[in-house]
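K.L.:
Sequence:
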Amino acid sequence: MSKEDIRKRTQETAKKLFGKGIKMDPPYKMWKEFDRDLANDFSMFITGTLYSRPVLSLPERQMVACAVLAATRSNDELRLHVNAALNVGCDPKKLAEVFFQLATYCGMPTVNMALEVYRDVLKERGEWPIND
Numbered sequence: 002m003s004k005e006d007i008r009k010r011t012q013e014t015a016k017k018l019f020g021k022g023i024k025m026d027p028p029y030k031m032w033k034e035f036d037r038d039l040a041n042d043f044s045m046f047i048t049g050t051l052y053s054r055p056v057l058s059l060p061e062r063q064m065v066a067c068a069v070l071a072a073t074r075s076n077d078e079l080r081l082h083v084n085a086a087l088n089v090g091c092d093p094k095k096l097a098e099v100f101f102q103l104a105t106y107c108g109m110p111t112v113n114m115a116l117e118v119y120r121d122v123l124k125e126r127g128e129w130p131i132n133d
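Heads up, the sequence shown is in my numbering, so the first residue is 2 and it goes up one at a time.
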């Protein structure tokens, strides 16, 4: 695959993930402030190559990302990826279930933190409460 093809896939995938919902700058913008070329390389690998692989769907990748970010208590990144998960069609109830699953491995404080971030994103998107 050519570099231009990867660049196009990067832009298409980034638009799906981050093109709507809450207003938050992706980390890519900060990376560019330090090293534009390296930021582009990271972005093209993460979004253009890894996230574009068909082995996992974008919703599946986002649920994995949300679980890992919650487990590591990476709140700012979690906020960004919860929004992206909703943008690509993750079921809101399944995403909540992912966070509850963390209780076994990370404890209830991690669950509480993740649900708080999740609820805040849903409120900002005008999607709170989750409908049955």
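Don't read these hints as lab results, they were simulated from the structure. Please read these numbers as outputs of a predicted model, since none were measured by experiment. A hint or two may mislead.
List time: in silico DSS-like cross-link candidates among lysine-lysine, alpha-carbon distance up to 30 Å [unchecked claim]:
| # | residue 1 | residue 2 |
| --- | --- | --- |
| 1 | Lys17 | Lys30 |
| 2 | Lys95 | Lys24 |
| 3 | Lys24 | Lys94 |
| 4 | Lys9 | Lys24 |
| 5 | Lys16 | Lys95 |
| 6 | Lys30 | Lys16 |
| 7 | Lys9 | Lys33 |
| 8 | Lys94 | Lys124 |
| 9 | Lys16 | Lys4 |
| 10 | Lys21 | Lys95 |
| 11 | Lys4 | Lys17 |
| 12 | Lys94 | Lys33 |
| 13 | Lys124 | Lys24 |
| 14 | Lys124 | Lys95 |
K.L.:
Against the structure, test the hints numbered earlier, and report the numbers of the ones violated in rising order.
P.N.:
The structure conflicts with hint 12 only, although it agrees with all the remaining ones.
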